[in-house]
Amino acid sequence: MNAGIRALGRIAPQLATLAAILILVAAVFPGFFDISLANGRLYGSPIDILNRGAPVALLAIGMTLVIATRGIDLSVGAVMAISGAVAASAIAQGLGLAATLALALGAGLLCGIWNGILVAVLGIQPIVATLILMVAGRGIAQLITEGAILTFSHPGLLFIGGGTIAGLPMPVFIWIITGLLVGLIVRRTALGLLIESIGVNLRASRLAGINTKILLVAVYMASGLCAAMAGVIAAADIRGADANNAGLWLELDAILAVVIGGTSLLGGRFSILASLIGAMIIQSVNTGILLSGFPPEFNLLIKATIILIILVLQSPRMVAAFRAGRRVRKTAEAKEESAFS
Amino acid sequence: MNARLLPLLATVAIFLAAYAICYAQFPAMLSTRVIGNLLTDNAFLGIVAVGMTFVILSGGIDLSVGAVIAFSGVFIAVVLRETNLPPPLVFLLLLAITTSFGAFMGAVIHYLEMPPFIVTLAGMFLARGAAYLLTLDSVPITHPVFSQIQDLYYLMPGGGRLTLIGGLMLAVVLGGMLLAHRTRFGTNVYALGGGVQAARLMGVPVGRTTIAIYALSGMLAGLSGIVFAIYTSAGYPLATVGVELDAIAAVVIGGTLLTGGSGYIFGTFIGVMIMGLIQTYIIFDGTLSSWWTKIVIGILLFSFIVLQKGLVWISSRERVRPAGAK
Amino acid sequence: MLESQPLLCARAVTKVFPGTVALDGVDFTLRAGEVHALLGENGAGKSTLIKCLSGALRRDDGDILLEGKAIDPRSTLEAQDLGIGCVYQEVNLLPNLTVAENLFLGHQPTRFGMVRTRVMNEKARACLAQYDLDIDVTRNLDSYSVAIRQVIAIARAVSLSGKVLILDEPTASLDAHEVAMLFKVVRSLRDRGLGIVFISHFLDQVFEISDSLTILRNGQLVGSERAANIDRVQLVNMMLGRELQQETRSTGRTDVRTGSPAIRFRSFGRARRVAPFDLDIREGEVIGMAGLLGSGRTETAELLFGIAPHDSGSAEDGEGRLRLDSPRAAIAHGFGFCPEDRKSDGIIGDLSVRENIILALQARLGWMRALPAREQAAMVKDFIRKLDIRTSDMEKPVGQLSGGNQQKVILARWLATNPRFLILDEPTRGIDVGAHAEIIRLIEDLCEKGMSLLVISSEFDELVTYSHRVIVVRDRRHVAELTGAEITTESMVASIAATGSQGDAA
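Protein chains in written order, with our numbering: chain A, 2 to 342; chain B, 111 to 436; chain C, 14 to 519.
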């Protein structure tokens with residue numbers, strides 16, 4: 002179908018980048034693609050990438066929606082810490098798994114509402130508005146855990162971080178299903194169109210009758226919810242809530258995943274699928290550097306270089322120069338054609 | 111009174127009120143000893159926050175400074191360990207590196223028209239990565255010059271010590287105030303924050319100023335790295351994670367508008383002092399935990415952002431009102 | 014009188030933008046010691062001309078002579094050094110700097126690299142004293158009114174250039190007192206021998222201050238006259254491109270709608286935007302709105318659609334009061350609005366033709382009830398055919414279409430919501446002749462089907478063709494209402510050109 006081809010064309014650069022990185026890693030580390038089954042669970046580097054990449058992938062889903070409205074959410078790392086702390090302390094107080102999860106996700110939603118109100122109602126720049134929670138959030142998380150690392154051993158909660166279904170780790174299921182669900186919701190309803198419309202031209206969107214305020218609050222809520230899920234996974238993974246380090250700097254990885262996924266920081270067209278591939282690119286770089294025997298100290302430098310190259314290629318100046326080059330070529334061709342006719 | 115002084119006055123008032131509360135509870139806090147420690151402990155933050163103030167005044171942001179401080183410490187420690195270069199030369203070399211690094215980021219921001227947030231984020235990864243490349247461990251600095259510097263202080267009446275690095279921070283604040291408020295460069299920085307388009311039309315050299323601003327921030331981050339190395343006698347690539355956030359918070363609490371164009375270097379200094387005071391109070395109290403620092407800073411951030419939003423709103427209302435209707 | 018050498022002289026200046034010729038061989042002559050008004054509607058080429066003169070744009074052809082010497086300024090700074098200063102409509106100063114800093118930015122007096130603030134403030138006070146302005150120069154610019162900022166901008170331009178001063182709509186947001194103050198400044202500068210180019214849409218002000226007039230239309234020179242030799246009616250006709258000789262006798266439509274009004278506005282207004290007015294709208298009626306730029310015509314549209322909500326009066330239909338405090342509320346009552354500034358207020362440039370067309374309908378349906386893809390395609394195809402929207406593909410980004418087609422896309426967006434009252438602000442501006450005729454035919458079709466329309470236009474011939482009634486706006490108030498045989502271009506021009514009630518604003 003036409004739309005299918007177009008969608009594929011949209012994510013082609015990200016897929017190519019991911020493939021290139023995977024092939025590169027496989028070349029240096031031959032056993033990279035080996036997957037084995039042991040004790041009903043799949044093991045192998047590709048599975049590891051899918052599993053380790055879960056938090057950033059989840060954050061990237063919400064971040065994509067926020068960035069599509071021309072916003073940014075710096076607080077997601079801190080929200081992860083808050084929801085992890087809420088989950089740990091709720092389970093420690095003997096609440097059931099359902100109530101615990103509801104509380105943790107509710108905390109994320111609440112953070113999203115706070116950010117959304119600052120942006121949509123008070124009209125504060127998103128980067129400034131979400132900075133507040135980014136700074137204060139970890140303090141709030143520590144308030145909940147009372148400064149300690151709250152450990153827990155509730156099998157249900159641990160299953161979220163380390164359990165397997167049909168051989169695949171639970172976090173992989175969570176991010177893939179969340180991605181599918183959000184993708185379906187925004188594309189099957191009109192939500193995606195309205196979000197893109199706000200991101201391209203807020204004023205014209207308002208004049209066309211879109212309820213811009215409610216929609217803005219909603220995307221920050223979505224981002225808070227995704228961060229809360231990531232926070233619960235991260236906590237379950239280490240069997241405890243670490244208010245200091247949970248989700249530390251992951252907001253930056255999530256933003257990068259979205260930008261690598263080709264969604265412009267200036268808002269507008271977005272693709273959740275492309276952002277998820279972006280998240281996997283980042284995780285592949287991390288895992289790949291580790292596997293290929295490079296000393297880990299190269300990790301950040303290589304990551305920074307790759308990201309810089311991608312970003313510079315996407316920068317307005319470069320895109321403009323590229324377009325201008327193409328136009329010159331086109332007009333030159335047109336001139337030649339007219340000269341011959 | 112000029113409305114733009116209001117946030118600065120609010121900052122000073124909060125600082126004085128906070129200090130009064132501290133004094134009421136712990137009279138020992140009003141001593142030159144405590145003040146001396148406040149200056150020494152926050153010297154590196156104060157220096158880097160001055161650079162951040164220039165960046166934010168111009169409407170930008172610099173996320174790389176924490177990583178640059180860590181890189182500086184590691185660079186000094188490793189170079190002193192591996193070579194026989196005299197420390198002053200190492201310092202100069204380091205400042206040259208961090209200044210060019212800042213200038214490079216400024217050039218990318220200006221010429222590629224990329225958002226400062228993204229460019230300096232990549233810069234943060236680069237600087238941190240470079241630090242890892244030098245070492246993964248904490249490298250102690252044993253050079254005798256360092257212990258000499260640490261022992262340099264001016265004994266204030268009351269037994270407080272104004273250390274060299276504390277004094278250096280005060281000097282940087284004073285120098286920053288002169289640069290921001292008494293030079294053409296300073297006015298150009300404010301002009302960029304007021305509106306790049308208008309500034310260009312009025313003849314401000316936008317590219318040169320942008321590059322100089324980030325170069326200045328890089329240089330002060332390097333200087334802050336030197337101070338931090340002296341303070342801790344070590345270089346550690348994982349040090350000063352998140353200092354850029356503390357610096358930004360200090361700038362905003364100091365009354366500078368995060369969108370640029372309005373604020374004072376002196377306000378930033380007070381902002382740093384407020385943050386230091388909160389920590390000192392928590393230490394004096396003994397029962398409170400350190401996370402309260404973050405929460406209080408978050409509340410202060412929120413109050414200042416809302417205060418400034420309100421001021422902008424009020425001044426735009428006043429402008430609409432006809433001035434001729436007397 | 015002995016004609017001295019002109020101060021600034023432009024000969025056959027031409028500037029081409031992709032798709033349009035913004036200036037087509039325009040001549041312009043400015044003498045020392047005169048105020049020379051530059052007139053024309055939107056898109057006439059005024060701003061392009063002053064941008065070429067002030068170095069903001071480079072001309073493609075023609076000569077510019079300053080005091081007889083050919084010049085070719087490549088930037089505003091270069092033009093400033095040559096002696097040509099420009100004060101733009103939205104004052105291009107920095108509100109966050111002090112008055113003195115704004116006056117001397119880049120030229121501050123320094124000693125050992127330090128700005129001598131006290132000396133600078135002293136000089137600033139002295140400079141402003143020449144303009145009878147005694148204000149605290151150490152305060153931020155944004156603590157002063159727009160009028161004072163205008164004077165400061167003028168003072169900066171004059172002190173840096175000093176020969177030619179270009180004022181681009183300096184009075185757009187000033188009240189009568191402030192205009193008087195500004196004009197005093199302008200006259201004193203004229204008496205000092207500066208040549209002043211003055212752009213304004215307020216004809217009263219043009220006649221009050223100007224010595225000469227130059228009129229542009231569609232990038233071409235219409236005429237240049239001494240102000241004393243021309244009257245208001247001639248001037249309006251020149252601006253609108255009509256010669257007195259070829260007056261058409263046509264009058265408005267005579268099939269006057271008589272039913273009871275479908276929507277009634279009573280003393281509807283907003284302070285400093287539009288004076289309160291009454292307006293009745295009948296089913297199937299086309300109401301034209303005539304007025305020059307800045308007269309309050311767009312402001313009226315924004316008021317009716319809830320963009321700048323009314324603060325006096327009320328609106329009601331047969332069923333009761335209408336709440337019109339936001340575009341959403343207006344749309345809920347069946348209103349639609351095609352804005353004048355398509356780029357910033359209308360199109361969502363990166364989105365496709367299809368998405369732009371369904372946007373308003375979708376927004377009304379809510380996000381949950383997405384229009385099925387097949388229905389969307391059918392509807393969009395239908396509009397593309399009916400309105401003859403030229404696009405290769407309904408998935409093409411609307412930003413890549415021509416102006417006329419963008420206009421039709423926005424029209425389609427509102428027609429999809431099936432509104433009962435549609436407001437069109439300059440629907441035919443900047444679009445080619447073919448699309449122009451189609452849009453007029455469409456307006457007539459829509460009203461046949463019972464839709465009520467309010468059409469704002471500066472093409473008066475066009476208003477005559479389709480309007481049942483015409484409201485004339487001037488100085489932000491509705492000054493006349495013409496019906497049936499009264500609707501002629503002459504009567505509209507006369508109402509606009511009339512002096513009169515304008516005095517009570519002062």
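Don't read these hints as lab results, they were simulated from the structure.
Keep in mind that the hints are not guaranteed to be accurate.
Partner residues are not named here, just some residues of chain B that face chain C (Cβ under 8 angstroms, in silico) [unchecked claim]: (1) R143; (2) A301; (3) A308; (4) M312; (5) G313; (6) V314; (7) G317; (8) R318; (9) A322; (10) S399; (11) K419; (12) G420; (13) W423.
With a Cα cut of at most 30 angstroms, we get these calculated DSS-like pairs of lysine-lysine [said to hold, decoys possible]: (14) K462/C / K394/C; (15) K399/C / K356/C; (16) K399/C / K214/A; (17) K197/C / K176/C; (18) K176/C / K136/C; (19) K356/C / K409/C; (20) K356/C / K419/B; (21) K82/C / K176/C; (22) K462/C / K399/C; (23) K409/C / K399/C; (24) K214/A / K419/B; (25) K214/A / K356/C.
For every residue, glycine included, the Cβ atom is placed at its ideal position computed from N, Cα and C.
Hints versus structure:
1. R143: 36 angstroms, violated
2. A301: Cβ of A301/B sits 5 angstroms from chain C, so the hint holds.
3. A308: Cβ of A308/B sits 5 angstroms from chain C, so the hint holds.
4. M312: 5 angstroms, holds
5. G313: With a minimum Cβ separation of about 4 angstroms from chain C (threshold 8 angstroms), the hint on G313/B holds.
6. V314: Status holds, d = 7 angstroms.
7. G317: 14 angstroms, violated
8. R318: Check failed: Cβ of R318/B comes no nearer than 12 angstroms to chain C, outside 8 angstroms.
9. A322: Status violated, d = 14 angstroms.
10. S399: 40 angstroms, violated
11. K419: With a closest approach of 15 angstroms, the K419/B hint is violated.
12. G420: 15 angstroms, violated
13. W423: With a minimum Cβ separation of about 13 angstroms from chain C (threshold 8 angstroms), the hint on W423/B is violated.
14. K462/C / K394/C: 21 angstroms, holds
15. K399/C / K356/C: 23 angstroms, holds
16. K399/C / K214/A: 35 angstroms, violated
17. K197/C / K176/C: The hint holds at about 18 angstroms.
18. K176/C / K136/C: OK: K176/C and K136/C at ~21 angstroms, within 30 angstroms.
19. K356/C / K409/C: OK: K356/C and K409/C at ~16 angstroms, within 30 angstroms.
20. K356/C / K419/B: Within the cut-off at roughly 29 angstroms; holds.
21. K82/C / K176/C: 14 angstroms, holds
22. K462/C / K399/C: The hint holds at about 15 angstroms.
23. K409/C / K399/C: 18 angstroms, holds
24. K214/A / K419/B: Given that 30 angstroms is the threshold and the Cα spacing comes to 18 angstroms, the pair holds.
25. K214/A / K356/C: Answer holds: K214/A to K356/C is near 22 angstroms, not above 30 angstroms.
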